[in-house]
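J.: Given next are the chains, with one letter for each unit.
2 protein chains.
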Amino acid sequence: MPVDEERTVIPDVPRGPLCDYRSKAQFNWKDFRLVLEDKELVKIKYDIWRRLEREPLFAPVTSTLSVDQQKERAARQVNRIADLELAPPEIYSKPYKYRVRYLMSINEALHAVCPSLSVKIALGVGLFTNSLLAMGTDRHQEIYNQAWNREIITCLAITEVSHGSNTKRCRTTATYDPATQEFIIHTPDFEAAKCWVGNLGKTASMALLFAILYTADGENHGLQGFLVPIRDPKTLLPYPGVTVGDIGEKIGLNGIDNGFVMFNHYRIPRENLLNRTGDVTPEGVYESTFSEPGKILGAVLESFSAGRLGIMQESSNTLSHAAVIAVRYAALRKQFGTDRNGPEQSIIEYQLHQWRIFPYLAAACVLKVSVFAMTEIYLETVQKSQAESNGFELLTQIVSEIHALVSSSKPLVTWTARDAIQESREACGGHGYLRAANLGELRNNHDPSCTYEGDNNVLGQQASNWLIRQWKNAKVESPVGTASFITRRDAILSGDYDALLRTGVRLESTEFVSQCYEWLMCWLLKQSVAQMEEASKAGVDTFTARNNCQVYRARDLSRAYAEYYALESFRSRCARADVNADLKPVLFRVYLIYGLWCLDRHMTTFYAGSFAKGSAFADAVRGTLLRMCGELKDSAVAIADALAPPDWVLNSVIAKSDGRLYENIQSVFMTNPGALERASWWKDVIPSKLRAKL
Amino acid sequence: MPVDEERTVIPDVPRGPLCDYRSKAQFNWKDFRLVLEDKELVKIKYDIWRRLEREPLFAPVTSTLSVDQQKERAARQVNRIADLELAPPEIYSKPYKYRVRYLMSINEALHAVCPSLSVKIALGVGLFTNSLLAMGTDRHQEIYNQAWNREIITCLAITEVSHGSNTKRCRTTATYDPATQEFIIHTPDFEAAKCWVGNLGKTASMALLFAILYTADGENHGLQGFLVPIRDPKTLLPYPGVTVGDIGEKIGLNGIDNGFVMFNHYRIPRENLLNRTGDVTPEGVYESTFSEPGKILGAVLESFSAGRLGIMQESSNTLSHAAVIAVRYAALRKQFGTDRNGPEQSIIEYQLHQWRIFPYLAAACVLKVSVFAMTEIYLETVQKSQAESNGFELLTQIVSEIHALVSSSKPLVTWTARDAIQESREACGGHGYLRAANLGELRNNHDPSCTYEGDNNVLGQQASNWLIRQWKNAKVESPVGTASFITRRDAILSGDYDALLRTGVRLESTEFVSQCYEWLMCWLLKQSVAQMEEASKAGVDTFTARNNCQVYRARDLSRAYAEYYALESFRSRCARADVNADLKPVLFRVYLIYGLWCLDRHMTTFYAGSFAKGSAFADAVRGTLLRMCGELKDSAVAIADALAPPDWVLNSVIAKSDGRLYENIQSVFMTNPGALERASWWKDVIPSKLRAKL
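Chains as they are written, first to last, in full-length UniProt numbering: chain C, 1 to 694; chain H, 1 to 694.
Quick caveat, the hints were computed from the structure, so don't treat them as lab data.
Take the hints with a grain of salt, since some may be wrong.
Identical copies look the same in the list; a pair holds intra-copy or inter-copy alike.
[Unchecked claim] Straight-line alpha carbon distances no greater than 20 Å define the calculated EDC-like cross-link-like pairs of lysine to aspartate or glutamate that follow: (1) 693 - 142; (2) 613 - 496; (3) 97 - 380; (4) 689 - 83; (5) 168 - 339; (6) 613 - 600; (7) 94 - 534; (8) 584 - 6; (9) 39 - 498; (10) 613 - 498; (11) 689 - 85; (12) 693 - 232; (13) 537 - 339; (14) 526 - 68; (15) 683 - 151; (16) 43 - 6; (17) 43 - 4; (18) 97 - 582.
Bound conformation, chain C alone:
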């Protein structure tokens, strides 16, 4: 397709004060965007946004609704989305990867507009049906269809009041009663109440519930999934034996009705057990079924990773939005200048300000690309697992590697977005504290991403554990290639900064960053393993030894691994033939800024591990980072344009694409409900001491 036609997928930005900086960019921002995101997917998102923009139910609200109104709004939006049929019917006959990628893009578009809505749909449709597919069989097809077709509202009930990360210790029971061929679901006490369950608070009629299966002989068969009717779908009244409620106001995402539920010897039919891997016979005997191990493996991958990938996709957009707001504001806001009485300069001109916000702009680009790449590998793997012909062993290895990748990357992406929002909030000063700047909403809605679908600190350990296994293995099992550097460990660890320079590697190169990372990971692996072995020799149990090896070691390792993967993905993307030559310099600066900024955070390890001595390495990394930030300045606004969604989606009065900062603020100030009116309660607040005088 000719370049010009490609660009029409993305709407133009209006002319205005931002054009001063826009015109300094040496590349076309639309081309830049099409490096970060696949054209087809960009098109899907803009189509969704165009359709939603016409819907009154999706118009941004100008002041926070009550919690109940937020729930109502989100619930209505769920229905409206179902009616709009955003996904064209033909995609359902397309291959798995194409179909899911399409649906993921719809989710990204929805999330950018209404995070609560997107989570409600993701939980109630995506995760519910995925899990049902993974764990259920033909006899659950009916419920699957109802959920998929949005005829019932569903939820996934795992977490209990006193058990979150450690789901294996859940205490809700499902005891089989052969007399009636039913399971009796029971909650022993409030601590075992299912809670935080999205959609459960007010709306769900059906739950996919995890409970400990007991057969009548008292034997425990572990945590199993069950379909448990909660409410009559026609009246939304709970069934007898079910105590269900809403957990109340949260810091954000109040459109989601998170609920809790307790069961009092509540009976469900035998068939409601999700029996893909095991079943209870009518007589009450538990039988394991092992079949199609490849498919089960794929399903397990899906049930673990789909949610986390979704969070990463959403978070990389949140990160983009925060960076866009900070960059546009920095270009427009002027404060101080060289000459005390001369013109003031844009705050984007200050080195400190560049250093505060450009790494997040770069991170937004790099992580968008790497999350896309990770999703591709994931989708291809699940798709392959659905075919019969795959080698099971290889698939097992791939699944483990993807799991490690996802488990380290979800913390990286969500934490980076969290930090970007906060830095952006502060970098936009007082005006950034306006609700209309949207940074508060972004922060409050993004916040739980750092702890749900696996608390970041706990989740990251899955990756370090996997890496440590590879390190200890005779043979490194890394079919995706993310850990193949381990095979070169001896050579890597024998090098240092000086040696690296002697090989002729330039500081400003992807090789430099990449090799620093490989050394870093090898060193952290070696130290972690040595420390754990030492503890083991001293008689410390494995659990404790591993826990005491997290700080400064395994935790840093997990993060470094995710950063390394992100940088490598970005590098490969930029090396592809479809990338115009005029984009190369700016893409390279983005790579270096993110890479050096990340390396800088690991600086102590480079010194403690004697990779570097004296000031040369730190000066080189930091000096280059600052210089690159200076060089990015003239491109930053164009990059922000490339990352930005339409203004109404970004929804920030201080970062509209027209650049009319103060006119837009004026408009908000003047049109806030009651802005210029005397308060209705004015009489009650006349100071009593003045009133006494009157």
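Here the structure of chain C is known, so what remains is to put chain H in place on it, guided by the hints.
T.: Just chain H now, with coordinates in the frame of chain C:
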């Protein structure tokens, strides 16, 4: 006073599950508290809290009120506080220091309950009257009295829409008209509208406004203060010529009616100019008046520092609250354990978790003490400035030093509180995301502290600039002693980690931490100065040279200086005779945890500056930090008790002193308004596809 009597100032905590850890502490937590806070001030705070607890208007709300309701509530609270006369009348005859300290403690107590209220009073009474005192003369006494007696609601209007940090470039004008002996206040355009002014949105009748004074001859006499009537105090309707409104919803602190105002050739009497340092004669001649330079200096110090100290006092409490919530929850929450099927252990037992939250617990202790110490110096200095006999030169030096101290410490304290809240939120997992956990409110209300009263990044430069001046001066002017280390610069810089150990200084000592800091500051000073001189030689202007020396240099210097002062204050406090011997070990651990944790963040500088080589220094600092965290574990709950306000003030369902975590959560879940009810809008959200089937 006997120890037991002293302890009665602080109420007991109820028995419950937290006592398992409480009983492990080797000291009395009330004694610990009385090291952190002066007994008299603790008593004031508890008295205030006891009185407020009886007031329905101060009872915590269970779900977020609308923005308008929040404003109404805060405005009513302001009146109620005036009626309650919390400060006993006799304090007004006491010396300045005693009086202000008393009022500051009242403010701390109020802030912990209702941050919006405290800010409204601080702005409308404290800052307004302070500024009036500093800038006005006898002719403004009437307004001063009205404000002080809460007969009028006032505000301070400095910031304009397009000028925040750079207040000198404000564009509101006050032009003298000799014909009527009036000033004509005028706002040239919306960008010059005063905005973000607290109390202005709905309630203030009088503003202390900053505008550029022009005499009739067109001469600009710089930014001056004026008393400008905004609304009729009896009707709260704005006067003609004044366009005043509310800026709308913010991320937090919505009880404050932040407003904007524009003036259209609005006339005020000549006498409304605050004429302490200069006046306009009736005929229109501007005349400077120089008198009582010491008093003026004291007043300047007050007007710059009072607000910042207030913010630090409040933020150190916010930091305490966040740390208390995290520690209590960590003691009560159990997850995983050594044996897969054995008992689970409290998450406070995990090293990673300790490392995440204990440094904030330690920071809360250290910063509470250092903010108190800083306030003492400040109050003594202002008090001295009010006497006639002081040497002006010495006073000038003290004022500069306090200004540096405050300018570096406000960023440190507010950023530490910010980070503590976020870490605590994540460390409390899902339950930390409940509004009832109170971490969201803490975060949203604390947030602006990082940017107001001087954006942290800009404010911190005042301290580094002062330090650099001392470095370059022939004679170090540091009467308070915070920079006297500079006189020993050569000896300090000639040392390194190995040399330090050779002198016999133990790693686990205050000397060690202190000497590391002195090296750090000297090195950063030397590098900063060298870098700026180099830039200067290359023809770079001073403004740019200084800006390009912030990242990794002056910015780190400013932070290190504040940390150093905090640690030194804490050390001296702990060395005082009134500290019981059984408190010494735990206080020392607190010191070390905070000190080593801070040093760890500067680790790159220690390596880049060749203070350290190889892994020894990093291993020592980090290893000791982790070991100290492990040792603090059994004291952490008792320290949290010492930092905690009464439960109703902390207002966190997951951190009540009774330790009944899940019972308290259950109570909140069950009693949320409408928790168990069907939503009023249930019919509207039955899925359309199901409805079609019915």
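J.: Indicate, hint by hint, whether the structure satisfies it.
T.: Going through the hints against the structure:
For a Cα distance limit of 20 Å, the shortest separation of residue 693 from residue 142 across copies, 15 Å, qualifies, whereas the shortest one inside one copy, 75 Å, does not. Taking identical chains as interchangeable, the C-alpha atoms of residue 613 and residue 496 lie at most 20 Å apart whether they share a chain (9 Å) or sit on different chains (14 Å). Taking the shortest alpha-carbon separations for residue 97 and residue 380, only the intra-copy value of 6 Å comes in at or below 20 Å, while the best inter-copy value is 71 Å. Taking the shortest alpha-carbon separations for residue 689 and residue 83, only the inter-copy value of 8 Å comes in at or below 20 Å, while the best intra-copy value is 60 Å.
Proximity of residue 168 and residue 339 under a CA criterion of 20 Å is satisfied inter-copy only: 13 Å between copies versus 65 Å inside one chain copy. Both within a single protomer and between protomers do residue 613 and residue 600 lie at most 20 Å apart by alpha-carbon distance, with minima of 15 Å and 17 Å respectively. When the C-alpha separation of residue 94 and residue 534 is checked against a cutoff of 20 Å, the pair qualifies neither within a copy, at 54 Å, nor between copies, at 64 Å. Proximity of residue 584 and residue 6 under a CA criterion of 20 Å is satisfied intra-copy only: 19 Å inside one chain copy versus 70 Å between copies.
When the C-alpha separation of residue 39 and residue 498 is checked against a cutoff of 20 Å, the pair qualifies neither within a copy, at 43 Å, nor between copies, at 59 Å. For a Cα distance limit of 20 Å, the shortest separation of residue 613 from residue 498 qualifies both inside one copy, at 9 Å, and across copies, at 15 Å. Taking identical chains as interchangeable, the C-alpha atoms of residue 689 and residue 85 lie at most 20 Å apart only when they sit on different chains, with a minimum of 12 Å there against 62 Å within one chain. Taking identical chains as interchangeable, the C-alpha atoms of residue 693 and residue 232 lie at most 20 Å apart only when they sit on different chains, with a minimum of 15 Å there against 63 Å within one chain.
With identical chains, the CA atoms of residue 537 and residue 339 are at most 20 Å apart between copies only, with a shortest distance of 19 Å across copies and 66 Å within one. In this homomeric assembly, residue 526 and residue 68 never come within 20 Å of each other (Cα to Cα): the closest approach is 53 Å inside a single copy and 59 Å across copies. Proximity of residue 683 to residue 151 under the C-alpha cut-off of 20 Å is restricted to the inter-copy arrangement: shortest distance 14 Å between copies versus 52 Å within a copy. When the C-alpha separation of residue 43 and residue 6 is checked against a cutoff of 20 Å, the pair qualifies only within one copy, where the shortest distance is 10 Å, while the shortest distance between copies is 71 Å.
In this assembly of identical chains, the alpha carbons of residue 43 and residue 4 lie at most 20 Å apart only when taken from the same copy (15 Å versus 73 Å across copies). For a Cα distance limit of 20 Å, the shortest separation of residue 97 from residue 582 qualifies neither inside one copy, at 32 Å, nor across copies, at 66 Å.
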